[in-house]
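Residue numbers (my numbering), protein chains in the order written: chain S, 1 to 312; chain L, 313 to 879.
Hints in this document: simulated from the structure, not taken from any laboratory.
Take these hints with a grain of salt, some might be off.
Covered stretches of chain S (in silico footprint by chain L; criterion: 3 or more residues with CB under 8 Å from a CB of chain L, positions within the stretch not fixed) [what the hints assert, rightly or not]:
no., region
1, 48 to 58
2, 83 to 97
3, 100 to 111
Note that beta-carbon positions come from the ideal geometry of N, C-alpha and C, so glycine has one too.
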Amino acid sequence: MAVIEVTDLHKSYGDVRAVDGVSWQIQLKEVVALLGPNGAGKTTAVEVLEGYRHRDSGEVSVLGFDPASGGRAYRERIGIVLQEAGFEDQFTVRELVRLQAGLYPHPRPVDEVVDMVGLEEKADARVKTLSGGQRRRLDLALGIVGDPEVLFLDEPTTGFDPSARRRAWELVDRLRDLGTTILLTTHYMDEAEHLADRVVVLNKGKVVAEGTPEHLAARAGAETVVSFRLPDDVDPGALPRLGTGLEMVGTTVQLRSAQPTADVNALTRWALDHNVELADLLLARPSLEDVYLELTDGQIAEAPEAVEAVDR
Amino acid sequence: MTLTQPAPTTAAVPTVPARGMLLRQTRHELVGLVRTPVLLFFALLFPLAFFVILSSLLGNETLDFRSGVRLAQFLAPAFASFGIAMATLSVMAIGFAEIRFNGVLKRLTGSPLPRWVLLGGRMSAGTLLAIGATVLLLAVGVVLYDVQILWERMPGFAVTVLVAAVSFCAIGLAIAALAPSFQAAIAIANGVVIPLAFLSDLFVIGELPEWLDAVGWAFPLKHLVNALGDGLNPFLDTSGFYLDHLAAIAAWGVAGAVVASWAIRRDAVRAERGTRVRHPAGAGGTSRAAARQAGRDAVPRRHGRPAAAALIVDQVRHANTLHWRDWSSPFFGIAFPVLLVLLFPTIIGGADPSIRLEVAQTIAATMTVYGTAVIAYVNMPQGLAEAREANVLKRWAGSPLPSWALFTGHAVSSTLLALLVMVASYALAVSVYGIVVPPSWPSAVVVLVVSALSFAALGMGVVSVVRGTQSALAVCLGSLITLSFVSDIFLFGVDFPPWLDALAWTFPLRHAVNAFGDAMAADASGVVLGLDHLAVIIAWGVAGLLVVLTRFNAEPVHFGRRASRGA
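I would like the entire structure built from these sequences, with the hints used as guidance.
So, in structure tokens, the structure goes:
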């Protein structure tokens, strides 16, 4: 059963087509990640679903409600974690969570929510004493205290340290196990790969790809990425012809290969013959990120995920 | 990997010349000032408004004052002094506290900007603003009220302005560096300047009791007021240099600088030890009430949609907590009016108990209404505007909380606080001055409740139309202060020109003051509701409510602008 249905959604601000005819369906208990660079239309699309924005055209349905007119009855069944929202700093964590809990028909126990987000030690501390990551966790707590059936998370872990991120992921996993349908936006590929059953990639207001992370990664082909550095005095042109051909990425030489065993063998034999040390020699499988970069014109660059490293 | 790097050098790198840095920093601070209308309002327009209103109202011949000297000749230097204090002490305290608590200071500390350039730039900007305030005030005085400038004394006058500006900057800096929070810095700065003004021959016409006079001389503002006042006094034969006043002002400046440098160094030491500047007020310590609540937090609060009453009670409690945990709200809404109830009868009535009693009876009523207006029309809407700016209201808008519950909760909270001001004012006035609480007091309570709700609706109406937090504050506070002068609050028993009189009666504040005052008059009895007054008050409240219902938006800025850059 589709919990969220979006059909041909359009939303413009003046001349800017923020969302330009997108469609998707999200099933009950599914976790879907909206990926895309800044300005892709992620937040606009999500805010239409949350009821903050009125759409220009198209059909939108969440839990059978039209978010634009669902009103209080709709908002009782959803949870929202905004991309950036502050707090009234004079209050304690517990006071704010308790106040928010009072708004919903079937809230979770306040203590349970504070524990779930890992703020039990800070429960009675004023919000102004919280660190950035702790404030974000309070945001999360306010989003889930109403025990929502559908949870919207707009960049939930931006600004988290690695361990806080892991905890947030565990929390989302737990919510999924409890049957919450989740739509999240994120910049982080590993987050989407870890959390999402399905990924929708947006660029310039349009859906450019959709599918499971594995399915999308497979789209980049079965090629393996081989990368290494050459000493300054070696001309890359002297290398043998390998895979799809060489490509310079910064100081790193990169190539894609459909036969990594043969190509790596040829490469290392050449290096030994010429007494050249290939620093940082790395084999990586194509990741969701590679697909993403390809689809969104490479606006974000991060190191590919290494599956095997041959160190010097 | 081989990387060619430029060899690190310690010499031969030309440093930016300090003088250029100071000029640039000063210009930066001035641009910042110009773009903060609320600071300009307090430094330039606020003193000017006082000066113009008092000169217009009192400057005519019916008030024979100080043996025939044109009143404006004395008012101009007094309000120039006030402007200097606002432009330096207040602006410095608020501005520096802001960068201290929002992280800008921390970033600048990590940059090559020398600290003296940062402080020097701010002080120069404050001093220029103070000079601007003085020149503006004198110019208006010369043009409108025939104030005479005594040119041969101007060097002394200018030196006094400069010494005072720099000294007050240092005091403001000390306040900013000591304050435990940004809000506290605002409250302390204003809490220092405004009461000092009363002790420093500024608002008070006539003689202060001897002890208050002595207290006033201990502070620098009174020295400034008198140095500038004597500098413009045509009946005195002086040089314009008053070394005693200058020494007193400078001594305060030096003390401020010493305290400020100690406090700034303390911040640095704390940062090194890893203690945050914002120390947790009440963090960690679990009160007994919180512990009692904690047990209940372990189970779900309810099953089924919360009742309207429960929502409103929660909102009232929330708004109340917000009020009390904010430094400035209780000060300006409650403590300040109640303080005036205590001070005014003594200041005006002096040793005459019958005048004191009469003034106390009036002032208890006017200050109750004034405090109500500050709470419901300024502080509460300001809290809402800040919550909107921080996207807190957007989060509420995405929750099941109906907006009527939010508005009702805040309006009711303001009303309860207004009743508290009434109780505090009358308790004090009864115990100190022995005023009478008439049997018609329940009518006064009705008037106050209606007024508070109307003021709250109006304030929320302003916040609905004026989207910027600081602009909303400037509109609310500016209109309240201006109206207070013509609504029998700060000035009473004054004959206004007919047009001003008629204009003042179109606004709700004067009606509230008079309806409440009539119901609390010493000889009142029975039901004293003043229905004509109430009708005007309610009409304004309804108008405010309509604006809220049609124009209120929970989001901080026009979302088109956000979305064009946002994801």
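Exercise. Failing hints, ascending?
Worked result: none
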